[in-house]
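A.B. asks: Please build the complete structure, drawing on both the sequences and the hints.
As you go down the protein sequences, you meet chains A and B in turn.
The C-terminal position of the first sequence is numbered 265 in this note's numbering, with every residue numbered one higher than the one before it.
The C-terminal position of the second sequence is numbered 265 in this note's numbering, with every residue numbered one higher than the one before it.
One should not assume that every hint holds.
The list cannot tell twin chains apart, which means a pair is met if one copy fits it or any two copies do.
[To be verified] In silico PhoX-like cross-links for lysine-lysine, where the CA-CA straight-line distance does not exceed 25 Å:
id: 1; residue 1: 161; residue 2: 142
id: 2; residue 1: 244; residue 2: 142
id: 3; residue 1: 161; residue 2: 140
id: 4; residue 1: 244; residue 2: 48
Since the hints were derived computationally from the structure, they do not count as laboratory data.
Since this is a predicted model, take the numbers as computed values, not measurements.
There are 2 protein chains.
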Amino acid sequence: MKDSRREPAGDKLAPKAVVNRVCLYLRQLEVFQRQGETTVSSSQLGAALGINDAQVRKDLAFFGQFGYPGIGYRIDGLIGELRRVLGIDRDWPIALIGLGNLGRALLKYKHFRRRGFQIVALFDNDPHKVGHTFDGLPVHQIDKLAEVASTRTINLAVLSVPADVAQIVADQIVAAGIPGILNFAPTTLTVPPSVSVVAVDLSVQLEHLAYKVLNSQSGFPAPASLFDEANGR
Amino acid sequence: MKDSRREPAGDKLAPKAVVNRVCLYLRQLEVFQRQGETTVSSSQLGAALGINDAQVRKDLAFFGQFGYPGIGYRIDGLIGELRRVLGIDRDWPIALIGLGNLGRALLKYKHFRRRGFQIVALFDNDPHKVGHTFDGLPVHQIDKLAEVASTRTINLAVLSVPADVAQIVADQIVAAGIPGILNFAPTTLTVPPSVSVVAVDLSVQLEHLAYKVLNSQSGFPAPASLFDEANGR
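C.D. replies: Right, here's the structure in full:
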């Protein structure tokens, strides 16, 4: 039993959609925990998130056997297991590269620190920023990345630079030995297979919202009337 | 045939994961189109994105019969169909509410405009910002939302205000008759069923990256060594 919890099923990396749902389960379990609950069933967990119970069980089974017959899931235990599976049972020191508006917003983003993600070093190439401090952290020139990464552990890089320099900076991140990049630049990065990249494209979320609004079945104006004025301009 | 393209299968709203993948297919088809390709198979499309061909066919079949036997998909046609399905074959005038660092970053985010999402009105409650212009747009007081929305079409709201005021502002968005909210505030919004919400939680993306790095099978330092130093601090 213990062994089955230590490794993902068949040593396969869980699909992106599964990992994203597990992140949601964890958040919901933490809500239940704050409400004083001690156990939860897959259907209760799913109902709170609009996901059916079979999907919940299948997703969790990808990472091990967490449920107890007749009880469901023990909330404290499952939170601990999922935090371990996701790797957020530890600190992740992060380099933030690019201190434009987006970078500065990310620096203040409280959700990151709450999940163990701590921005510990800042980089930018703007001479007006290098040497100054933001939120108590000094800004280094980007070509100092390898040097800074050699003096302290940095496990992830958050890349919020303009698209036209993103690949050059990604090459420097790779050269510095940082194994993960969260890419906010609207361009596809080429990195060796040893480096993981997750790309954030915020327009995907807007497209999803547009799709939901257009297909809303709740009596909102039909697409045609929604867009009469917009189309008439 | 035509009819089957006009409506999602069984009038069901496509699951979030399907919509997100279709957004990716559309982006990849546009890459192929720029490269001068005219047709593509489900396996070519999938291979470019690391998604298997059966999944590609199943996702696209949710919205209609787009493939041609022996040819695959006609790229121009499929792009047009997917843009229509996703609702990005038209303009989406957007209100951006909250002009902190994140809001100002979103205002400059070129991806939005490229996909038909155009920020047309700005709102904030900071007296230093109200009445000033950002990128040529005047900033209105948030309680002017309904008034501004009544004089011009606004179909979506991008909400980038602090968590503690997000619900109050969401209520004002609902009262103004805006049917969709992209919520960047780290809090869950309560809205009537007639209003669609897509929540953006950027820490989910970091958790997914952490998971990928920890489970990378490409010879990177194992989790223990990756974290020796971090744990020893």
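A.B. asks: Now look at each hint and say whether the structure bears it out.
C.D. replies: Going through the hints against the structure:
1. 161 <-> 142: both (22 Å within a copy, 23 Å between copies)
2. 244 <-> 142: Result: close only across copies, 22 Å inter versus 28 Å intra.
3. 161 <-> 140: Result: close both inside a copy and across copies, 17 Å intra and 20 Å inter.
4. 244 <-> 48: Answer is both: 21 Å inside a copy and 9 Å across each meet the 25 Å cutoff.
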